[in-house]
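Asker: For the record, the sequence lines run as chains A and B. Residue 285 in full-length UniProt numbering is what sits at position 285 of the first sequence, and the numbering runs on without skipping anything. Residue 293 in full-length UniProt numbering is what sits at position 293 of the second sequence, and the numbering runs on without skipping anything.
Any given hint might turn out to be false.
[As the list claims (entries may be wrong)] With the Cβ distance kept under 8 Å, some of the chain A side facing chain B (calculated, not the full set):
1) H48
2) N69
3) P98
4) L110
5) G139
6) A284
7) G285
8) K286
Calculated from the structure, these hints are not laboratory results. The structure presented is a predicted model; accordingly, all values stated were derived computationally and were not measured. Think of the CB as a built atom: it goes at the ideal place given N, C-alpha and C, for glycine as much as any other residue.
Number of protein chains: 2
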Amino acid sequence: MPDEAPVHPKSRGAARRAQRRGPTMEDVADVAGVSRGTVSRVLNGANHVSSASLAAVQEAMRQTGYVVNQNARSLVTRSSGAIAFVLSEPPDRLFEDPVLGSLLRNCTQLLGEQGRSLMLMLAGTPEERDRTLHFVRGGHVDGVLLVSMHDGDPLAGELQRTGFPLVVCGRPPAAAGPSMTYVAADDRSGARLMTQYLLDRGRKRIATVAGPADTAGGVERLAGYRDVLGRRATSRMVARAAAYTIEAGREAMTALLRSCPDLDAVFVASDLLAVGALQALHGAGKAVPGDVLVGGFDDSAIASATTPPLTTVRQPLAQVAAELVEVLLKLVAGRPVSSRVLPTELVRRDSA
Amino acid sequence: MPDEAPVHPKSRGAARRAQRRGPTMEDVADVAGVSRGTVSRVLNGANHVSSASLAAVQEAMRQTGYVVNQNARSLVTRSSGAIAFVLSEPPDRLFEDPVLGSLLRNCTQLLGEQGRSLMLMLAGTPEERDRTLHFVRGGHVDGVLLVSMHDGDPLAGELQRTGFPLVVCGRPPAAAGPSMTYVAADDRSGARLMTQYLLDRGRKRIATVAGPADTAGGVERLAGYRDVLGRRATSRMVARAAAYTIEAGREAMTALLRSCPDLDAVFVASDLLAVGALQALHGAGKAVPGDVLVGGFDDSAIASATTPPLTTVRQPLAQVAAELVEVLLKLVAGRPVSSRVLPTELVRRDSA
DNA sequence: CTGAAAGCGCTTACAG
DNA sequence: CTGAAAGCGCTTACAG
Chain A
1 MPDEAPVHPK SRGAARRAQR RGPTMEDVAD VAGVSRGTVS RVLNGANHVS SASLAAVQEA
61 MRQTGYVVNQ NARSLVTRSS GAIAFVLSEP PDRLFEDPVL GSLLRNCTQL LGEQGRSLML
121 MLAGTPEERD RTLHFVRGGH VDGVLLVSMH DGDPLAGELQ RTGFPLVVCG RPPAAAGPSM
181 TYVAADDRSG ARLMTQYLLD RGRKRIATVA GPADTAGGVE RLAGYRDVLG RRATSRMVAR
241 AAAYTIEAGR EAMTALLRSC PDLDAVFVAS DLLAVGALQA LHGAGKAVPG DVLVGGFDDS
301 AIASATTPPL TTVRQPLAQV AAELVEVLLK LVAGRPVSSR VLPTELVRRD SA
Chain B
1 MPDEAPVHPK SRGAARRAQR RGPTMEDVAD VAGVSRGTVS RVLNGANHVS SASLAAVQEA
61 MRQTGYVVNQ NARSLVTRSS GAIAFVLSEP PDRLFEDPVL GSLLRNCTQL LGEQGRSLML
121 MLAGTPEERD RTLHFVRGGH VDGVLLVSMH DGDPLAGELQ RTGFPLVVCG RPPAAAGPSM
181 TYVAADDRSG ARLMTQYLLD RGRKRIATVA GPADTAGGVE RLAGYRDVLG RRATSRMVAR
241 AAAYTIEAGR EAMTALLRSC PDLDAVFVAS DLLAVGALQA LHGAGKAVPG DVLVGGFDDS
301 AIASATTPPL TTVRQPLAQV AAELVEVLLK LVAGRPVSSR VLPTELVRRD SA
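Could you put together the complete structure from these sequences and hints?
Answerer: Structure representation (structure tokens):
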């Protein structure tokens, strides 16, 4: 096997035929009455170009409808203009959680404003991981944004070893080493904020629905909860959700109602989980917030659409995306960067 | 202004320096003791290559860690290996609806399996549209998948005029002309299915929450509803949602309860809208399905997570994605294609 | 089956 | 400020 993903060799011929050969730099130079080099200089910042040449070239570009051939340019500059957005998740539930969608949209938009494009790559299976690594090594992208929720994901380290600029969204796996740059919301202090709030509202038996144990959210948010409650947080007050889904939230909440029937508040580690928790509480005849206070995490779109609307911890997703892009582009430009942890804040609605 | 998006000319130098120059075809050829041409032939299908050369080249590739430079290859083949996935939507609510996420994930996965990559492009604003067009014309991609929910979107026509292979998801705007290839779920007959089902369950006053009037879903699904009810569908039984969101569904349902207080069933044009409709009904003290039958559309992940679980019309999204990719790649290969409309089906749960 | 050579469209020192 | 020229790494007729 050649070390190369198959790219439909058969179809190349046809694709080539179909492509009209647009005007090249040569054509523009001819029309403008200058050399190819001058056209190139106009394209790349217009330094050291007389205003007469500048005008002539611009006019010629308009006339010919010239569009630069990015492949030719990339071949010499060794820079593709694209960034890989790598989603290291099992494929089934992808995008069910609005957090990912928000991140992806924001990054795409911000990169676009910088004249860069985003390649979406899935890396949930071993084959996909290989493809992604191969793709990055092939120089298709100038840098990588990795969104991985699971600890112990080997991809982070492998990507780092390619030597390409890399920024991870969320805290990187411990095994990654200290040199890995990341941007994360402060999960732990957000969880503390919410737990303290529930306590301040006079509740005595505050349970929690934690996220899966192999995710940063599942670890950090539970830690924040424990920071506040100390030994008051007994094991019967903690339930693990199997995934970040509505169903899993419902199941975890049901388990909690069984193990701790007299709970009077619950901190749920994500809004989507909280939707399920609300259903379980309603189903058990518990009034929210009357009998049980419910606090979520994320402040995703669904938080204001539940009944009652969800009091939650706001992750600054737009800012996470902005910093992710900023840090990565700095890295691509060869400038020094450092990791960033962004503050979270409490958003009060009606559920707590 | 040069006709060219700025791609950080300043950063190029740094990026270049940072890039280690991997082994080239020349290096592989040297190690294998053959010419560059033979290495290339091995890479592109291994026809007309002796098994001795083949083995030598493969071994040399392994030894050197060779990875093909896609830019150099694309420059001569005029084929980038990438496909643009263009989302022509206003940015705010993007991905709130799980339908888009599902489509994107499936397309990315299927393209990946074909050795192709997906570039995500937003085209919600005029600037973004220009960027997208420029990008496509620049030859960055071999073809375009356009997901546009809004009629009268000029982008479809503009993309078509570039001459690049294009497939639209959903029925294209009427103005697009007959030659535009599309893949769509059969919205109208799905709506008929649901309306007929509500009728068959003995309901007399079947209202509908329709999608925005400028979307295919808003038009076709309402048409299907009217196909079945004829003049029994009076204007007071139809409410338009302002967008495909939970809030809009709640508002439309509230309006319906005012204009038609004795309704005993409602067909809601999307699952997300139906979540809002359920909230409004519960808020008004109506039991579902006891007092009012509720039918949704999409069968997205949320449909099985509502209380009660939603009876809905299933859009075959995985199949839509598969056909989208298949048709586009055929087009890219220069083969003939035709548009496809995929059947929808009723999924019974508890809300109706 | 295989090598030598042309060429894809651009950028960038290098002279001037 | 500008042109001529080399070179980026590959593919592909063209001979043999």
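Asker: Does each hint hold? Answer for all of them.
Answerer: Taking the hints in turn, this is what the structure says about them:
The beta carbon of A:H48 comes no nearer than 13 Å to any beta carbon in chain B, farther than 8 Å, and the hint placing it at the interface is violated. With 8 Å as the threshold, the beta carbon of A:N69 comes within range of chain B, its nearest partner Cβ sitting at about 6 Å, so the hint holds. Interface restraint check: A:P98 against chain B, minimum CB-CB distance 6 Å, threshold 8 Å, status holds. At about 10 Å, the closest approach between the beta carbon of A:L110 and any beta carbon in chain B exceeds 8 Å, and the interface hint on this residue is violated.
Given the 8 Å rule on beta carbons, the hint for A:G139 holds: about 6 Å separates it from the nearest Cβ of chain B. With its C-beta approaching chain B no nearer than about 12 Å, A:A284 sits outside the 8 Å limit, and its interface hint is violated. Checking A:G285 against chain B: minimum C-beta separation of about 13 Å lies over 8 Å; hint violated. Checking A:K286 against chain B by beta carbon gives a least distance of about 14 Å; that is not within 8 Å, so the hint is violated.
The structure is inconsistent with the numbered hints 1, 4, 6, 7 and 8, although it conforms to all the rest.
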